[in-house]
Amino acid sequence: MDARQPLHALTWLVWALAAAASVQLAPNPLYVALVLAISAAVVATNALDSPLAKGFPLLVGLGLTFALVRVVLTVATTHGVGDVLFSLPSARLPQILGGFTVGGTVEVPVLLQSASEGLVIVGVLAAFAAFNAVVSHHELVRSAPAAFFELGLVLTVSLAFVPVTLQAIGAVREADKARTGGRIVRRGRLVRQAVPLLETGMERAVSLAESMDSRGFGHQAPTRHEAVGGWLGVGALLSLAGTFLALVGGAPPVSAALLVALGAGLFAAAVALTSAGRRRVRYRPRHLVLTDWLVLSAAIAAPATLAMLSVLHDDTLRWSVSPLALPSVSAPAVVALLALALPAFLRPPNGVAPR
Amino acid sequence: MTALTYSGVAFAYPGGAPVLDGVDLRVEQGDVLLVVGSSGSGKSTLLRAANGLVPHSTGGRFSGDVVVGGRSTRLHLPRQLADVVGFVHQDPEAHFVTDQVEADLAFGLENLGVDPATMRRRIEEVLDALDIARLRHRSPASLSGGERQRCAIAGALVVGPSVLVLDEPTSQLDPQGAEDVLGAVARLNADLGTTVLLAEHRLERAAPVAHAAVLLEAGRVASAGSPADVLADYPGAATVTRLGRLLGWQPPPLTVREAQRHARREDRAGWPEPAARSASGGDPLVSCTGVRVELGGSVVLRDVALTVREGEVVALLGRNGAGKTTLLRALAGVISVGRGSVHRAGPVAYVPQDPNALLFAPTVRRELEQTLRLIGRPDAHQVDHWLRALRLEDLAHRHPRTLSGGERQRVAVAAVAVGGAAVLLLDETTRGMDAPSRQALETAIAEHARAGGAVVLATHDVELAARAASRVVVLGDGDVVASGPAREVLAGSLFAPQVLRVLPPFLTLEEVASAAVLRS
Numbered sequence: 001m002d003a004r005q006p007l008h009a010l011t012w013l014v015w016a017l018a019a020a021a022s023v024q025l026a027p028n029p030l031y032v033a034l035v036l037a038i039s040a041a042v043v044a045t046n047a048l049d050s051p052l053a054k055g056f057p058l059l060v061g062l063g064l065t066f067a068l069v070r071v072v073l074t075v076a077t078t079h080g081v082g083d084v085l086f087s088l089p090s091a092r093l094p095q096i097l098g099g100f101t102v103g104g105t106v107e108v109p110v111l112l113q114s115a116s117e118g119l120v121i122v123g124v125l126a127a128f129a130a131f132n133a134v135v136s137h138h139e140l141v142r143s144a145p146a147a148f149f150e151l152g153l154v155l156t157v158s159l160a161f162v163p164v165t166l167q168a169i170g171a172v173r174e175a176d177k178a179r180t181g182g183r184i185v186r187r188g189r190l191v192r193q194a195v196p197l198l199e200t201g202m203e204r205a206v207s208l209a210e211s212m213d214s215r216g217f218g219h220q221a222p223t224r225h226e227a228v229g230g231w232l233g234v235g236a237l238l239s240l241a242g243t244f245l246a247l248v249g250g251a252p253p254v255s256a257a258l259l260v261a262l263g264a265g266l267f268a269a270a271v272a273l274t275s276a277g278r279r280r281v282r283y284r285p286r287h288l289v290l291t292d293w294l295v296l297s298a299a300i301a302a303p304a305t306l307a308m309l310s311v312l313h314d315d316t317l318r319w320s321v322s323p324l325a326l327p328s329v330s331a332p333a334v335v336a337l338l339a340l341a342l343p344a345f346l347r348p349p350n351g352v353a354p355r
Numbered sequence: 001m002t003a004l005t006y007s008g009v010a011f012a013y014p015g016g017a018p019v020l021d022g023v024d025l026r027v028e029q030g031d032v033l034l035v036v037g038s039s040g041s042g043k044s045t046l047l048r049a050a051n052g053l054v055p056h057s058t059g060g061r062f063s064g065d066v067v068v069g070g071r072s073t074r075l076h077l078p079r080q081l082a083d084v085v086g087f088v089h090q091d092p093e094a095h096f097v098t099d100q101v102e103a104d105l106a107f108g109l110e111n112l113g114v115d116p117a118t119m120r121r122r123i124e125e126v127l128d129a130l131d132i133a134r135l136r137h138r139s140p141a142s143l144s145g146g147e148r149q150r151c152a153i154a155g156a157l158v159v160g161p162s163v164l165v166l167d168e169p170t171s172q173l174d175p176q177g178a179e180d181v182l183g184a185v186a187r188l189n190a191d192l193g194t195t196v197l198l199a200e201h202r203l204e205r206a207a208p209v210a211h212a213a214v215l216l217e218a219g220r221v222a223s224a225g226s227p228a229d230v231l232a233d234y235p236g237a238a239t240v241t242r243l244g245r246l247l248g249w250q251p252p253p254l255t256v257r258e259a260q261r262h263a264r265r266e267d268r269a270g271w272p273e274p275a276a277r278s279a280s281g282g283d284p285l286v287s288c289t290g291v292r293v294e295l296g297g298s299v300v301l302r303d304v305a306l307t308v309r310e311g312e313v314v315a316l317l318g319r320n321g322a323g324k325t326t327l328l329r330a331l332a333g334v335i336s337v338g339r340g341s342v343h344r345a346g347p348v349a350y351v352p353q354d355p356n357a358l359l360f361a362p363t364v365r366r367e368l369e370q371t372l373r374l375i376g377r378p379d380a381h382q383v384d385h386w387l388r389a390l391r392l393e394d395l396a397h398r399h400p401r402t403l404s405g406g407e408r409q410r411v412a413v414a415a416v417a418v419g420g421a422a423v424l425l426l427d428e429t430t431r432g433m434d435a436p437s438r439q440a441l442e443t444a445i446a447e448h449a450r451a452g453g454a455v456v457l458a459t460h461d462v463e464l465a466a467r468a469a470s471r472v473v474v475l476g477d478g479d480v481v482a483s484g485p486a487r488e489v490l491a492g493s494l495f496a497p498q499v500l501r502v503l504p505p506f507l508t509l510e511e512v513a514s515a516a517v518l519r520s
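First to last, the protein sequences are chains P and X.
Using our numbering, you'd call the opening residue of the first sequence number 1 and step up by one each time.
Using our numbering, you'd call the opening residue of the second sequence number 1 and step up by one each time.
Please keep in mind that the hints were generated in silico from the structure rather than gathered at the bench.
Glycine included, C-beta positions come from ideal geometry on N, C-alpha and C.
One or more of the hints may lead you astray.
[As the list claims (entries may be wrong)] Derived list of chain X stretches under chain P, where covered just means 3 residues or more per stretch with a C-beta under 8 Å from a C-beta of chain P: (1) 70-79; (2) 115-124; (3) 329-338; (4) 355-361; (5) 364-376.
Could you put the whole structure together from the sequences, leaning on the hints where they help?
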């Protein structure tokens, strides 16, 4: 196997999940910052040359915005727990809206606590943003179990539409400007630009459907097993997405654990049901090679070590804001997190992965 | 042996006029059958009936029968015919389902459940057959039009169909891309004996590839037979074919080489020289000097100067990426220039390449009225004028999206021109247009210039430049490499228009016609 071959999509999936789990296990801002830096390094060294890969800064920015909003809301509504930084005018919401005070005292521990929690959100999002930038979405779909084949195909097709749509948006904007001789008329602009975009998108979608039909998509009708398996697969994905939201949104761990269990159960059922049916032929399936296994083991080792440290009462994993102290680090935890950086070292720093 | 048979095929949308009306047709194994006809003659419908997209995907009333590879489309869905008919859509964008060429080729094979070893071999074969092996890891979005269309053909061919159906495969391409695609089709047919059903507007290249041709008019087969016979009387035929018709050459020539053979026997004693076109215009309407434009880090225009005067029609030629579109956008003020200056004496109207990016109103007439409302100058007279000038009166109440490509292009021109700008900048507006649409547009351009306006046409079509332009400007790699009267600039060129190559110094059929009349 060519050493310059990009890592397998499954390797990246495990890597991203491991990075996100590590952030959850070690929410100390210093550790989270380390994971952020590792994600950025991995993107810098492994990003693919696709339009979606350029979304990393955008997604991290999105996480930052989300975290900031959360900090502002928390600071404005949580009072009476510690030192006051400064005071703002306050208002009491009516009972129907929760009846709590908005504004008022801004307190140091609340600010620090929510900022540190916000950073965790950014860390989790950065892990998935990095995953989005380095993974070949097409390969990801192809390596998915048969139960997810149709769903995955829908995803790849829609991803293939992204660059086309971006181009179309540029063309529509320019056409609108050209129509008035370079003058920008704001009134009704949304309709003038959205209608051609939607109509062109619809025409394309219809042509694509015809084209897929002509190329034999659905040539073999699905069996009953496959149909049921497909629905179970959708259910599994929904539960797992719910888990992600629960983690990011800071819901109690119990609900996240329940959702994960449900998702995993449905997933297993879907895979078992579909594999019992006919096998779908795949063109040139890729297998995990030595590098993949190395990255996989390093990635899994990171959260596993952190979990062990947590059991061993490593106090640096979490940062306590009261009593206030500077966050500190421990060598084992840092080493564990650095294992996540392995993919960044496996390729030349300026090497863009071949497609 | 017959690969594909149409017997008594008729088709109509509910409540509409028949699109196809009693079509009987046989495509012999190993032939390339060329389908010609103006927009709306039923070409696309005929092709889409070959694998059952009509009527299974469109609905509508269908009668008669289409049999391909021994299977009737009445009883089989398009996906069940995927192994016998390879269908390539007009818009190559619409063909790809994945972001990698090689994986996309595998799509059809995976659908049919072909075993992996055969799959591997077939894909390597089509990569070579269409000369796209070096593109296998690329994303279709990053390819040029010609490359993309060849990949699409490979995707249809990979399952080993008995008929390949190509719906205007070159209409969206530049001449180089079109040549590559038609060359590939000719090679597939010659080397592998692939049966091809091909619809085309651009017949300069397609006609010589074909073994047989069918002319459709209003959903009926108007004539069928050898390409030379069918195209002899077809108004949309290649310029050389029409030249042969004009001078009574038998059999009508399909290529420049055939026409040159006839021309050598033609007695041209007493033919007057063609009259020089009035090249000098009036006052400058728009001009630029020293214009330099960089887009995305690369220099697209370097130090370009151009003056467009009253009464001029300027054709802007040059390969893809030479900077034609960028120059138009700079003249129109849609983009700002890095260095140099653009001077406009009055408003300048720019019609972008894709009419679909512009059209949003529910009717053609409303589309024109919208522009006037946007610039705050409602003027029903202008609307009527441009609807008439581009022969859109009969379509005024239709929804722009229900029109053919060429008709949409005309609506886009009208919708921009109605604003009353003296200078019209048209970006590849004749691309994919059928003969009637092109004629309507050419007439409107000439009228506009006569009335004291000016038109700049960015185009790949030297025939259009020869007919319509008073001046030709050739761009190459961001520079003006030639500029002057059409006859002088095009004469020495490898890409000279067909009449000039057959009967120099004549440029157009009209010139030849008047010379031939004057002699007798």
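We went through each hint and held it up to the structure:
Against chain P, the region 70-79 of chain X contributes 3 residues with a C-beta closer than 8 Å to a partner C-beta. That satisfies the three-residue criterion, and the hint holds. Coverage of the region 115-124 of chain X by chain P holds [criterion: at least 3 residues with CB-CB distance below 8 Å; count 5]. Under a criterion of three residues with beta carbons nearer than 8 Å to beta carbons of chain P, the stated coverage of the region 329-338 of chain X is upheld, 4 such residues being counted. Look at the region 355-361 of chain X against chain P: 5 of its residues bring a Cβ nearer than 8 Å to a Cβ of that chain, three or more, so the hint holds.
Under the rule that three or more residues need a Cβ within less than 8 Å of chain P, the assignment of the region 364-376 of chain X holds, with 4 such residues.
Violated hints: none; the structure is consistent with every hint.
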